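S.K.: The numbering used here puts the sequence shown at residues 2 to 511.
Derived by calculation from the structure, the hints in this document are not laboratory data.
Everything numeric in this text was worked out from a predicted model, so none of it was measured.
We put the CB at the ideal spot given by N, CA and C, even for glycine.
Nothing false has been slipped in among the hints.
DSS-like cross-link-like pairs, simulated, lysine-lysine; straight-line CA separation at most 30 Å: (1) Lys145 with Lys491; (2) Lys56 with Lys92; (3) Lys98 with Lys332; (4) Lys92 with Lys332; (5) Lys251 with Lys491; (6) Lys145 with Lys251.
Quick list of the computed label-pair ranges, beta carbon to beta carbon: (7) Pro102 with Pro357: 41 to 47 Å; (8) Phe53 with Thr113: 50 to 56 Å; (9) Arg144 with Ala256: 20 to 26 Å; (10) Pro25 with Pro357: 15 to 21 Å; (11) Gln27 with Ala511: 55 to 61 Å; (12) Ala361 with Arg144: 33 to 39 Å; (13) Tyr105 with Ala511: 49 to 55 Å; (14) Leu239 with Ala156: 25 to 31 Å; (15) Ala148 with Pro25: 43 to 49 Å.
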Amino acid sequence: MTRANVNPFIRLDPLDNVVVARMPVQAGTPVPSENTVTLHDVPSGHKIAACFIAKGEAVRKYNTVIGYASEDLPPGTWMHSHNILFDAVEKDYAFSKNYVPTEYVPQAERATFQGIRRADGRAGTRNYVGVFVLGNTGGTAARKIAAWFTPDRLADYPMVDGVAPFIHQMGDGMERSGEPMALLRRTLGGYIRNPNSAASLIIASGMESNDLEEFLVEQGLRRGPTLRTLVIGDEGGLRRSVEAGIVQVKEMLPAANAVAREPVSAEYLTIGMQCGGSDGFSGLSANPALGAAMDILVRHGGTPILSETSEIFGVEHTLTARAVTPEVGQKLVDRMSWWLAYNEGRDCQINGRVSPGNNAGGLANVLEKSLGGAKKGGNSPLMEVYRYAEPVTQHGLVFMDTPGYDPASATGQIAGGANMVMFTTGRGSCFGSLPAPTIKLASNTPMYERMVSDMDINCGIVIDGEATVQEMGQRIFAQLLRHASGERTKSELSGMGTNEFVPWPIGVLA
2 MTRANVNPFI RLDPLDNVVV ARMPVQAGTP VPSENTVTLH DVPSGHKIAA
52 CFIAKGEAVR KYNTVIGYAS EDLPPGTWMH SHNILFDAVE KDYAFSKNYV
102 PTEYVPQAER ATFQGIRRAD GRAGTRNYVG VFVLGNTGGT AARKIAAWFT
152 PDRLADYPMV DGVAPFIHQM GDGMERSGEP MALLRRTLGG YIRNPNSAAS
202 LIIASGMESN DLEEFLVEQG LRRGPTLRTL VIGDEGGLRR SVEAGIVQVK
252 EMLPAANAVA REPVSAEYLT IGMQCGGSDG FSGLSANPAL GAAMDILVRH
302 GGTPILSETS EIFGVEHTLT ARAVTPEVGQ KLVDRMSWWL AYNEGRDCQI
352 NGRVSPGNNA GGLANVLEKS LGGAKKGGNS PLMEVYRYAE PVTQHGLVFM
402 DTPGYDPASA TGQIAGGANM VMFTTGRGSC FGSLPAPTIK LASNTPMYER
452 MVSDMDINCG IVIDGEATVQ EMGQRIFAQL LRHASGERTK SELSGMGTNE
502 FVPWPIGVLA
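Please work from the sequences and hints to get the whole structure.
M.R.: Structure representation (structure tokens):
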């Protein structure tokens with residue numbers, strides 16, 4: 002079916018009072034099956050009233066309230082933030098009411114990928130040497146050390162994917178104890194322990210608030226053949242530190258290279274799910290298709306991580322209702338309550354308005370964005386809720402409390418153990434991540450074609466009528482296995498990921 006003969010509008014649920022434009026539509030265009038015509042020009046991904054909607058009446062998309070009509074709205078009216086009021090929605094958390102145990106694929110029949118087995122029993126999809134800093138003052142040294150290891154200089158170590166610097170702006174001028182320091186340390190420790198990390202060099206200036214020895218003890222890390230440390234003050238300055246760091250990484254390369262890919266069950270995949278630059282199609286194609294793929298992964302024993310707490314506001318009850326226990330559901334409510342208090346009185350997304358890009362793409366408010374974003378989690382039961390960067394040990398769909406800001410959110414997921422990241426977008430994205438690579442999914446065909454050098458998968462064929470959400474989910478799962486086996490993603494081919502390590506910066510900076 003071609004775009005030319007596809008209905009220009011999509012009805013998502015029989016009880017909806019809006020429909021969504023698949024493509025830009027001019028005023029006066031008939032709306033098949035809705036017995037109306039458009040009263041205004043309607044941008045791609047935006048909504049129109051499918052029937053008369055009275056002032057104050059709930060606006061429903063996917064049979065979920067996304068706001069209330071600000072005035073009487075005739076059929077065919079363009080529906081957006083100018084006439085959809087954001088307001089509190091009554092929610093029934095219904096803890097575990099809809100919990101249905103997962104029907105797992107038998108162990109012997111589970112999908113596999115070519116993974117790298119680690120001594121702790123986990124499996125990696127990549128094999129990186131990381132150069133980490135405890136505070137920002139070590140950043141220049143880390144960058145220079147990592148940059149020395151060009152592809153030519155790594156030619157004798159074909160199983161090493163690269164030497165990557167992990168630089169951040171924290172570690173100095175902050176509280177020496179408490180949650181901000183604990184968060185930073187578990188983020189760094191989680192990256193060092195990530196199954197995609199083969200070896201690590203930790204750099205300190207010697208004067209950070211984030212003390213080197215305290216960090217090692219707290220995170221249970223010990224120096225050894227694949228974990229080295231370097232203190233710039235003890236080496237006699239930057240130049241000597243860079244020279245010493247290069248030597249230390251060279252000494253770790255043989256051990257890092259001594260791995261092989263072998264068939265590994267998909268149960269060893271932990272996927273960080275992200276969405277950014279969302280549009281009106283994200284919740285119709287890319288997000289539910291990713292959710293369908295993640296439901297497949299869960300049945301094969303794997304672990305998807307849903308995050309971005311501020312971006313599930315308004316639909317969190319759909320997750321608590323399928324939580325494995327009421328206690329797990331309550332953990333999610335508690336984190337949402339923290340975010341509401343944290344953002345009280347501030348001009349933030351959780352209080353209604355989405356970003357200009359999201360708004361231009363057809364999302365009227367955070368309720369509508371949340372409705373689409375939560376669909377990345379599919380229909381699997383919610384098995385656990387984690388704080389930022391905590392180690393993810395529970396298999397199945399889990400939630401990690403993170404900001405909606407993609408680099409900070411993905412950083413927490415990778416610190417928790419994600420060995421791949423899947424990122425949906427409707428407006429486009431140049432995001433990448435290391436050591437867990439990012440697979441990017443486009444929500445619509447025009448954007449995919451414009452940004453084909455950045456997009457890995459075109460979910461726009463769902464909007465075009467060429468595939469169902471479930472068929473798209475199968476394709477995504479198959480491609481995930483290929484990338485997990487070593488096939489490079491577009492972000493890897495473009496050299497992205499070295500600037501997207503962003504630990505969540507909470508706490509006092511003095």
